[in-house]
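Colleague: Each chain is listed here by its residues.
Number of protein chains: 2
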Amino acid sequence: MRLLQPEDLEDIAVGAAVLGTGGGGDPYIGKLLARGAIQSHGPVRLVSLEELQDDARVITCGAMGAPTIVLEKVPSGDEMLMALRHYEEVTGDRVTAIMPFEAGGLNSCLPIVLAAQTGLPLVDADGMGRAFPQLEMETFNVYGIAAAPMAMADEKGNLAMVRTRSASRAEFIARGLCIRMGGQASLVNYPMDGATAKRVSVPATMSLAQDIGKVLRRARKEKTDPLSDLIVFLRTTHYGHAERLGSGKVTDIERRVENGWSVGIVTISPFGEGMPYRIRIQNENLVVERGSDILAVVPDLICVLDVDTAEAIPTERLRYGQRVEILGVRVPPIMRSPAALKVFGPAAFGLSAKYQPLGGG
Amino acid sequence: MRLLQPEDLEDIAVGAAVLGTGGGGDPYIGKLLARGAIQSHGPVRLVSLEELQDDARVITCGAMGAPTIVLEKVPSGDEMLMALRHYEEVTGDRVTAIMPFEAGGLNSCLPIVLAAQTGLPLVDADGMGRAFPQLEMETFNVYGIAAAPMAMADEKGNLAMVRTRSASRAEFIARGLCIRMGGQASLVNYPMDGATAKRVSVPATMSLAQDIGKVLRRARKEKTDPLSDLIVFLRTTHYGHAERLGSGKVTDIERRVENGWSVGIVTISPFGEGMPYRIRIQNENLVVERGSDILAVVPDLICVLDVDTAEAIPTERLRYGQRVEILGVRVPPIMRSPAALKVFGPAAFGLSAKYQPLGGG
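Residue numbers (UniProt numbering), protein chains in the order written: chain A, 1 to 361; chain B, 1 to 361.
You may find that some hints are simply not true.
Chain copies aren't distinguished; within one or between two, either way the pair holds.
[Unchecked claim] Below, simulated DSBU-like cross-link-like pairs (lysine-lysine); rule was C-alpha separation at most 35 Å, straight line: (1) Lys-223 <-> Lys-198; (2) Lys-221 <-> Lys-342; (3) Lys-249 <-> Lys-156; (4) Lys-156 <-> Lys-354; (5) Lys-198 <-> Lys-249; (6) Lys-342 <-> Lys-223; (7) Lys-221 <-> Lys-156; (8) Lys-73 <-> Lys-342; (9) Lys-354 <-> Lys-223; (10) Lys-354 <-> Lys-221; (11) Lys-223 <-> Lys-156.
Derived from the structure by calculation, the hints contain no laboratory data.
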């Protein structure tokens, strides 16, 4: 167990932006909310999966919606608490630990807010090991945990509980609710006990976000190459492999809100000769293509980073003329099993590309 | 109290189609479901508002969706029971009486199914006095009753509970859920006690539906003019006024599903000379225009009837060439107050027409 203090949040937000792979919502907002919550309620206890009691009542949480909408319809930080209280009232369950349902962006920070508000410990793990655009794209679901009962809330205090027979149906229905709640809402889902959480979660992703932030901060201070440092560091983690996929200038962005997601294509033209890179987006970066070559595809992480600082640029902040590096990161083995690839491999996104783990897997 | 038997259902369905004013879903399906439920579980006790205990726990129920979808995605009859059980489980409330939330079409018959399945009494009243396309268009809402907590279910067993601060927000969110449940779902809402139900409901609308059916059956048997008989009868009820607005042949139908409703315009050309009648539809018939004249507008009932039998033709069954009469019926005083007109008068549908009660009010 260690305490998360306000000074930890800067690194976490920087790292969460990288793990967000373009999505997960802008962590800047999440950082401000988390700082305010810790200042009001005191530091948050971060516990590892190993430290978690087997009989703990864990619930996972986060916001859903289109990141382009989150930019203008900022969460107040209270929606998740309303969703949790509603879940507890309706089910009679008493939650004893909080876990992010995704690692990345806003959704690494909002669970810190909830942990501070409730005084409950925050589990250093999640169900995506990155950000994904859909609620069923969770290792929890891959390894047999039900997404529902699920509680949702918006900033006006509208509340909904959903029970469904499958996680993909929960996603479909919750997305409809989310759209009617203005395109962005907060939720708690995947209730489970501590023993189960140990079996089905991607471990240590909050610490990973913080470590990524530290690496980039040190590189800035010591004037080393931040992307090289980041790649070296990532190869020491359970993700195991990271590499440069390309670099260039953003020369085109198609981006719209469709069915409650930010979708589109970003084109990056190399600084030298050669064909442009095209990245397909559904909240997150799904695939990088160059001509007919697939350079990387989900579930591996595709991160668009500022060429000077290696800080991640979320999809909703991409602009013409930005100079970027494209980083690829292989996901840990728990996310590459045949069962996992069925839930969040290329075919789950309607992509025909075959998944080849970066670095040979 | 009287018992509803299978032989009562024919008249109820015929009358419910008239009160449906084009919407409420095809009562033919509802009649079959209600007959099956009474045959399996025994007759249903129909109680008047006066007979209802003041401390009764009443909940209202019905299906929502686009009637054109209901034609192909027929309710199984079990969705409403799932919604009721879910409501009771989540709230801890124990319901002791069932009331339709609208009078008309399928939604006059589905509450009979639920009453038969549960053995609970059915209250002879509703909150619309007709069919309306939106959940907030209820005398319950007009007179201060909250629409939520509200439970919804679809035929696959997906369940949702919604809590909102206003009935119009409940409608908006539930409509989103309904769309994601395939465009048609069942729900229970507006929980209230018996004393409240007496104050805020439109009385005796189940009996009214049955009486309308009887009048038309007798006219067929005695070979009198069914529409004249119906108008004479309706003038003796608390609705107080009905009149022929026109007649002719259906010569054009524009009809589509939009935002979860069946919407469109039907054109009826008079048998003789003169301009055509145009009826605007949002599930129900909202307004009849002829040139620049408004012949009738919500909340008054606009019913398109077969020219020979005076049986109502729901909007989803309108076809080119049908020979029809257009009947207008004034709503009872509880539905014409300034507060009521705010909730379901012309402006609530985006119509600029001013409401003038048929027959001078």
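Colleague: As a check of your reading, is Lys-249 near Lys-156 (CA-CA no more than 35 Å) within one copy, between copies, both or neither?
Modeller: neither (41 Å within a copy, 49 Å between copies)
Colleague: Have a look at Lys-156 and Lys-354 and pick one of within, between, both or neither, based on CA distance no larger than 35 Å.
Modeller: between (43 Å within a copy, 33 Å between copies)
Colleague: At most 35 Å between CA atoms: does that hold for Lys-73 and Lys-342 within a copy, between copies, both, or neither?
Modeller: both (33 Å within a copy, 30 Å between copies)
Colleague: State whether the alpha carbon distance between Lys-342 and Lys-223 is at most 35 Å within one copy, between copies, both, or neither.
Modeller: neither (42 Å within a copy, 67 Å between copies)
Colleague: Measure nothing new, just compare the shortest in-copy and cross-copy C-alpha distances for Lys-354 and Lys-223 to 35 Å and report within, between, both or neither.
Modeller: neither (39 Å within a copy, 73 Å between copies)
Colleague: Regarding Lys-354 and Lys-221, is the shortest C-alpha distance of 35 Å or less found within a copy, between copies, in both, or in neither?
Modeller: This pair counts as neither: shortest intra-copy Cα distance 40 Å, inter-copy 71 Å.
Colleague: If the cutoff is 35 Å on CA atoms, where do Lys-198 and Lys-249 land: within, between, both or neither? Let me know, please.
Modeller: For Lys-198 and Lys-249, the Cα distance exceeds 35 Å both inside one copy (42 Å) and across copies (70 Å).
Colleague: Can you give me the call for Lys-221 and Lys-156, within, between, both or neither, at a CA distance of at most 35 Å?
Modeller: neither (43 Å within a copy, 58 Å between copies)
Colleague: How would you classify Lys-221 and Lys-342 at a CA-CA limit of 35 Å: within, between, both, or neither?
Modeller: Intra 42 Å, inter 64 Å, cutoff 35 Å: neither.
Colleague: From the Cα coordinates, with 35 Å as the cut-off, is the pair Lys-223 and Lys-198 best called within, between, both, or neither?
Modeller: neither (39 Å within a copy, 78 Å between copies)
Colleague: Checking Lys-223 and Lys-156: alpha-carbon separation at most 35 Å within a copy, between copies, both or neither?
Modeller: neither (46 Å within a copy, 59 Å between copies)
In terms of the numbered hints stated before, the structure departs from hints 1, 2, 3, 5, 6, 7, 9, 10 and 11, listed from lowest to highest.
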